[in-house]
Every structure is written in C-alpha cells, then in structure tokens.
Amino acid sequence: MPLLTLNGVTVNFPFPPYDCQKDYMHKVIECLQNKKNGVLESPTGTGKTLCLLCATLAWREYFKDTISARKIAERLSGKEMFPDTPLSSWGTAATDGDKPSYYTDVPKIIYASRTHSQLAQVINELKNTSYRPKVCVLGSREQLCINQEVMRQESNHVKVHMCRGKVSTRSCVYYNNVEEKSTDKDLVNSIIDVEDLVKFGNKQRVCPYYLSRSLKQQADVIFMPYNYLLDPKSRRAHNIELNGAVVIFDEAHNVEKTCEESTSFDLTPYDVASAIAAVDRLLVEQAKEASHGDSVTEDFNVESLNSSSKIEISTIAKIKQILLNLEAAIDSYNVPSDKGITKPGIFIYELLQKANLTYDTKTAVYEALEQISGYLAGQPGIYLNTSGLQKLADIIQLVFCGDPSAKDRQQQMESNTAHFKVHIHQDTSHHKKKHNTDVWSSSSTKKQGNILSYWCFSPGFSMQDLVNQGVRCIILTSGTLSPLSSFTSEMRIKFPVTLENKHVIERDQIFVSIIERGPDGVQLSSAFDRRFVPENMASLGNTVANLSRVVPHGLLVFFPSFPLMEKSLEFWRANGHADRIENVKPMFVEPKGKGTFTEVIDGYYNKVNNPATRGASFFAVCRGKASEGLDFANTYGRGVIITGLPFPPKMDPRVILKMQFLDEMCRKKTPGLKYLSGQEWYRQQAFRAVNQAIGRVIRHKEDYGAIFLCDQRFKNSDARAQLPSWVRPYVRLYDGFGNVVRDVSQFFRVAQKMRPVVEKKAPAESCGSVSSPDTTSSSLISCSPSQSTHTKKTKVLDTHLPSLKRRRLNECNGVSGMAQICIGYEVQESPIRPASLLDALEQGLHRRGERNDAEKALEYDQRMDDELRGGKRKIKLVQEQKRVNVPDDMSEEDKGSRAKKFLADMKKSLSQASFERIVQALQTYKKTDNLDILLKETAVLTEDTNTHGLFRGFYQFVRPHHKKKFDEMCQELTGHGCGYKPDHSLSKDQRREVMHSATSRQPSLGLASSSTCSQLNTQHLNKGGLHLTQEGLKEPQAGICQVLL
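Under UniProt numbering, the sequence shown has 618 at position 618, and the numbering climbs by one with no breaks.
Please note: incorrect hints may appear among the correct ones.
[To be verified] Below, a list of computed lysine to aspartate or glutamate pairs in the DMTMM-like style, where the Cα atoms sit at most 25 Å apart:
#	residue 1	residue 2
1	K354	E285
2	K362	E414
3	K134	E149
4	K936	D905
5	K185	D220
6	K362	D394
7	K320	E285
8	K134	E180
9	K650	E261
10	K567	E599
11	K354	D408
12	K339	D427
13	K216	D184
14	K318	E370
15	K362	E261
16	K127	D220
17	K567	E516
For the record, the hints were derived by calculation from the structure and aren't laboratory data.
When you get a sec, could you build the whole thing from the sequences and use the hints?
Following this line, the structure appears as structure tokens:
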C-alpha cells in the first residue's frame, strides 16, 4: 500500500490518493497534532471515511512511537543510536509539544456516526486498511441482549431494570461468562461490528452487551451512534470517558439536530399518569400486607440495584404527592386548542418548584425514582409501565445539571436555560388516563391534559458540554455542511480548522437538469398549494415514467415526505402511471418501519443485478434511511429524481420557535458569532436534505449518473446556490421536456463508452469489500457470494467445457481461448507468488519469473495434444548450449514461504507503524542501495532480546557488498554476529563466473528419468544463502537441467 508523509506523519493508504484526499488527511492530522477542532466537508464519494480512518490511525501510531523514542532515549542516557537522525526528532510531529511518558497517554479515538448501519460501513472500511487497532462498538440492550427472558419484555425500561437485576444477582448465564470470554484472542484482535458481536455471543454463550463494555476498556477505537456521546444520560449509562480523547462525528450534518433533541424533552399527561400508577402499585402492596396482619414498618424495603439502601414508606407517599402536584401545575394553564403557550427557558424552574422539585430536593427525588423503578421492574407477573418514572428521573438530571452553591444558583439557572424555550400545549395523542377511585388521584382526570415541552434551540449546549469533559479535539465531517460559517457559529465552540473539498469527477460523469415542466407542459411543484393537485401529480408521474426509459439500470426517486410519496403513488396506481413505470423498471418503495427495509432494498439490488431486466426503481423520502445511510454506487444508482423541496413543517411549534430564536440571535449581533436568520435556516434544512439525496449517485472516481430536479423552484438563482459546490457548475435549465430526454440519452451513450464497465456487485452492507485505486468507499468494489462462486468456477472452465481444450494460440490474436475466457470472467487477480522478500513486501507486486496466460495456454495445449495421442513422453535431460532457465517452482516456493514466515514473525513483534516503516526502508534500500536507512529502521529489533534473531535474519537479504558491514553492526548491537565469510561478499558477476567455470568442467548429462533432475542440489550456487533478487539465477548458466518437450 502506498505510503505518504503528511505533516510529518507517515500514512499508509490503500491506493494512490487523489489530491482532494491528501488535502483532507492533511487537515485531519492538523486537528490531531494541534489539538484544534475541525469542520471538514468533502463531497459524498470522495472517500472521506477512508481518509479519516487512515489519517487518524497513522497519527495515533506515530504518537505511540513518540513514547517509544523517549523510552529509548532514556535507556541510552543521552547517547544517539543514529547520529544522523537524533532521537529528539522522532515523533515530534505527532504531539506538538506534548511529552507523553506512558502508553496510557495515547488518546483513544471515539468514532461516532448517526446509525449502526453507517458504523457497519465504517468498520468494513477499516478492514480494508493496513491498520489493525483494538476496536469495540457500543450498542443498546435492544441490539445486543441475547437473554430471551429479558428481550420478551415490552418496555425498554423494564428490559433495562430486569437486566440490571439479573446482573446484580448473577442469574444471567450470559453475563457470568463475560469476564472469561473478554480476553479471547480471536475477539480482542478482530475488527467486528454489532452483528459480529451478537454472533460471537450466541456461539460462546456470552453477553454481547457487557462484552462490548468490557472491550471498551482496552480499545484504541470506540465506535458508537453519536446520540450516545451527545446525550448526557447515555454517556453516563455507558461510562464513556472523554478526557484526552479524540472525538470524531462522521455524517455530522445531523449532529445539529441530535444535539438539540438530546437535551430536550416532552412530558405528556400519560407519562405523569403512568408514573402515578406505578407508585400506587407500591402503596397497594403495602396495604395488602397490612390487611393480612403483617407489621408495617417505616422502612419499607425497596432495594436499589446499585446499593443496599432502603426507602421509607413516607418517601414513597411524598413521591406520589410530587407527581400529583406536577400534573396539576402543568394542567393549570388554559391552552388554546390551536396553539400553545411559550415561556422563556428559565420558566421551567418556576413550574417545577410548584411540585417541590428544586436544586435542594433533586438528589433525594432522583434516587427515590430510580429505586422505585428498579423494584417494580424486577417484580414477576403483571407488566407495569415504569417509563413515566424513568422520564421524570431523566428530566431532573437534565434541568438541574451542575451543583452550584446557593449564591451562584441563579446564574447557573440562567446559563442552563439561555438557549431553551418552555412550550405548553394540549395533548392530542388520545392517551386516556386511568381513572382511579383513590382519594389521592388526580383532580384533572376528566379534562384533556397538557404536554410540557422543554426544547433546546442551540446545538452548542451539548458541544460545550463535550469540551468541558476535556476532549483533545472534535472533528465534524460530512458531505453537506455548507455554509460552514453559520454551522460553526451555532456550535458555540471554535473550529480553527475548516475545509470545503472538491470532487474527483470530470464533466462527462454528471448530468444535472432542472425540469420546470413535465411532458404535458404542466408546471412541476411540491409547494403546499400544488402538491396534491391532480394535474400536478399526473405530470410528475409522466415525468418519472419517461425518465425511467432513458436512465439505465437503477433509478432513485426521492419525495419530500412520506405522506406526499404515499398520495402520489396511490394516484399513479389508480391512473396507470405506476404500470408504465413498472413495465420498464419494477418499483420498490421505502417502508416506514425498520423491519422490512432490508428485504425491500435487497429486492431492488437483485432486480438491478438481473441481466434479464432493464433495472429497477426505488422510491424513498428525503431524510429517510435510503437518502442517508445507503450507497447506490455504479449501476445501483445511475439516476436520481428529486420531486420537491423537503421543507420542515412550517406550522410545527418547534419549527416556529426555532426560527424565532435564530431571529433573536441575529438581532443581538454577538461579536464573533454569525447566526442564520430563521428564514435562512428554514431553507437550509430543505436543501441539506436534497443534497444528501443527490449524493447517493456519484460514489467514486469512475462512477457517473444523472440528477433531475423536478420542481420549478429549483430554477431560482438562490435555490441553485444552495446546491453542492461540485454540482452547481453542471446545472442546466431546460425549456422543454423533450430536450432533457434528448440530452440525457446522449449523456448515457457517451458515458457508457468512455467509462469502463463496472461489474454488478452487492452493496457494502451486504458483504465485504475491497478497495482499489478507482474506489473511495467500501461499497465501491464489493463481492456478492454468488459472484465469487462463479469466479472460482470459471478459473477451471475447460474442465466443464471440453471444446475449450482444443483452442490454439492463433485463434484470438495470440491469446488462447482459455486465457481469454479467464480474462473475461475473473474479477480478482489470482494470488501472486512473491519472487523475493522485497517483492512480497510490496503491496503493488510485479510478477517476476511467472509465465503469462498465453505461455500457460501453450503448455496446456501441448499437454492435451500428448494426452490425445496417447502414450508417455520421453523426458530427456541435456546440457544447455546457449541459454538455460532454472526451474523456478521449487526455489520460488521456498523463497516465498521464507518471506511469508519472516514477515509474520516481524509483524507479531512490532507495532503496525514500525512494521510499515521497515517495509518502506526495505523498498528504499532496494532502490538506493543505502544500508544506513535500513539499519536505522530495523534497529527497533535490537531493543528486545526476543527480536535479536529477527534483526540478524536480515543478513540473508542484504546485498553481498553490505554483508560484512551488517555483520559488524549486528555484533555491536546484539552481541552476536551473522556468521560472515569472505565469499559472502562475492558480487553477482563474480558468482556467475565461479559457477560457469565450475560447470564447464562437468560432463554432459543424458538421463532418461525426471527424478534425476529433482535430486540435483542447487543450493551451493549461492552458498546456501538467499539474496535480494533472483535475477542472478535466471541469467544464462551452464550445467542446469532443462526439460525438452
């Protein structure tokens, strides 16, 4: 794999990087070195995830080597091992003035993305690199628990408390095996995702959930959905340590929304009523015990899962009273049915105080709620919803964060609520409260309750919280973050490092058209007043049907929302538009639920792969799973149709308040901060969703596709300015639909001729993948199981097709029939046998001493001729007269196995970075003949007596004129030499002369048995040692046997 140096850090990249990828990695390393936050935008399809992984892990390896260099310096007591390269210069680029002394100082990498499916793609990408860090992936019990009794529970809160109960009593057989299995080498040294972890858990009968938490302690890289980081509750629950860590948010265009949602809540009447019912359960049980004559003590025993503390019966009664007071306080506001009441954020303290919830009481109430929830969740029999109790406990932690003194409390409350609004509105969810004859029951059960909403409108609140945890730096990256100035301003932390990257594609790879009117001349628009007009829906249906005929293979159609997609498809089915589309490209529709999504998308992929069809069409929504987390590379997405602008619902109270909040911030004009106006934010939300959907098409350097913007509002200049920078130069506005069809047809005809045909393969989420110079993400070259099976079979096609056995070389311009068939069928190159150690170390191996396909085919045809004629051939061994070829099979195999073993031993003993540097040094030595470079890098093997043998092992691979010097250095550094003898320093020409003179005195051989040749010992030709290359053995040499056919 190519090595490149960026900011002093050597990065091992899977293929020669593009300029935009170098720029991206340069910025990543700048953030890491200088402890600076960064916002990096790079178009979808430019390989940002791969760049991010390689740059980050390369820097981390270099950081570790800094510590190694310091330790070596301490052992040498100031003496330099290599005067030309002082140890003081090692690793300084990685730390920028840091002076780490222990390996525990090496920062952990916390890699967060939006969903587990996106993380699975990142982990697959990591597998394609040369880096092998220790990793773990965090997930929820919902994803990782394999205890069937726990998973049968309906409520997630019940699952959590039941799990905790089984863990505390060690009654879960899976949890009991965690300690033993967490050190399993196959697990610790593997790069696995959630699915792999569950498979391992089922196979080994060990809990995947707690296993992942155990692996987290030793992991170099921790993968997680980013709500685990941004939500303080989740962060505490998973015990995520952030001090000194590098935090990376991939697909960060959703971070803004997640930050706001993680610090907001909606408390419904049903939540409060269910909490009251849960507390009643305890009081009823106590009443039953009293009626049976049991003594009622003041210390009603409700054991906490985290302690053995008890809660008094009077405390339970107080908790119920708090809940009743809270319900009454919320419902005391007369809210108009068409809108709610909005208050400043600090009003939340005034309202909660009416229920006796304050900074003084927060701890006692929180602990009591946790204890009651744990007790009730552990009770067998009747299911009881404890989610209301858990939500109230979470609210207390959110609102009463921090622990200010009495005099600082007011300032703390103002700071906590500066970017929040309180909104009270009527509940329209139709949850009915449980009527209760208890005298303590709510007095408001007969009227419609209110919802208490506490909404955050600044993502900076969560970001500042992360910074306060002591992180080294935060990197936000995505394909759609522009405009960066407003994005960074809302985060309320500084981002000194920024990047807006270019794409890697050429003009002939992309076609972008704005279609103002459909084939029937009707204006296309998804505006609120036009979206459900029949003629508009019919025109859009005609547009999609016509475009499906000219776009080859896979066609993606994105709608602004699920209701609009459902209405449109219903109309098309009723009026024949769907039949026209279905006849050309079978239709697949994104489901709302998660359960059937995989089934639907796999059906789409299979249709596109089917050569008997003209492809398929996939209908989805902006901001849905298909637009965010899936990769439609190559034939899976040759065209994308955007049917409208997905604006947020303008009448939604939260959207209205967000726009008002931003307008307030703009009016304040805070120095150094630039906020978007409410209207600018509203438009930006729509175009970010559009840009994400557009990014599904062009996925790598050789990909191509068409983008159709089917809404007349795209023709406005300010709308076009919101499109990605790599799209804008290619946008064309058409007057008539016929011109669009003409030009896009021509575009695909040219593209299919100019661009190499890419084999249809399964997507990244379905199987493993292999990176290549023409790809930038793990999904670009991936292999489906069925295709890999066919590939294996086609390598022996002549076994199944006897007619191929008689093909001659002259039938296909000098290439045999079998060779031509193999070229057409094989996807991957067959394994290459290394000709020497250095060749084995090269990732881009060049074949040495191997015959080409035509030569192999010729030998094959000759062998078949002999078999058809029958009889045995007489093998005759004679002395070479002009040129003799050494039989390479034995020597190459021997050298290859030695090289492989040597590499394996060396890799086990070194860090990945040290191993890669030695590889690079060997390559340099091969080209420059500079032994000092090789000695400098291999000196790491002299630090430990266990690796002295490996250092001496390099003796057999250095050139003859360096053997004496290497032997002396080995004696000096390890105390043992390499057994040097003067004849080891003979040059290639001198050795050839010696061999020639020795063999010229030998008699001719005339042997009739092939076994005699195999008995000849040729090791003496090199005095028993291997050299840098085997070219010398392939020169004309006398006395070597040759088989004459």
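Going down the list of hints, with the structure as the test:
1. The suggested pairing of K354 with E285 is violated, with an alpha-carbon distance near 29 Å, which exceeds 25 Å.
2. This hinted pair checks out: K362 and E414 have alpha carbons roughly 18 Å apart, not beyond 25 Å.
3. For the proposed pair K134 and E149, the alpha carbon gap of about 32 Å is over 25 Å, so the pair is violated.
4. A hinted pair counts as satisfied when its Cα atoms are at most 25 Å apart, and K936 with D905 qualifies at roughly 19 Å.
5. Simply put, K185 and D220 have alpha-carbon atoms about 16 Å apart, close enough for the 25 Å limit, and the pair holds.
6. This hinted pair checks out: K362 and D394 have alpha carbons roughly 11 Å apart, not beyond 25 Å.
7. In summary, the hint linking K320 to E285 is supported, as the alpha carbons are separated by about 15 Å, within the 25 Å threshold.
8. Straight-line distance between C-alpha atoms of K134 and E180 comes to about 18 Å, which keeps the hinted pair within the 25 Å bound.
9. Note on K650 and E261: the hinted pairing holds, with a Cα-Cα distance of about 18 Å set against a maximum of 25 Å.
10. Pair hint K567 plus E599 holds up; C-alpha atoms about 23 Å apart against a cutoff of 25 Å.
11. For a cut-off of 25 Å, the pair hint linking K354 to D408 stands: about 21 Å separates their Cα positions.
12. Using a Cα cut-off of 25 Å, the hinted pair K339 and D427 holds, with the two alpha carbons roughly 11 Å apart.
13. Distance restraint check for K216 and D184: the Cα-Cα separation of roughly 14 Å lies within the 25 Å cut-off, and the hinted pair is therefore satisfied.
14. This hinted pair checks out: K318 and E370 have alpha carbons roughly 15 Å apart, not beyond 25 Å.
15. Distance hint between K362 and E261 is fulfilled; the C-alpha atoms sit about 23 Å from each other, no more than 25 Å.
16. Our distance criterion of 25 Å between C-alpha atoms is met by K127 and D220, whose separation comes to about 15 Å.
17. Between K567 and E516 the CA atoms are separated by roughly 21 Å; this keeps the pair inside 25 Å, and the hint holds.
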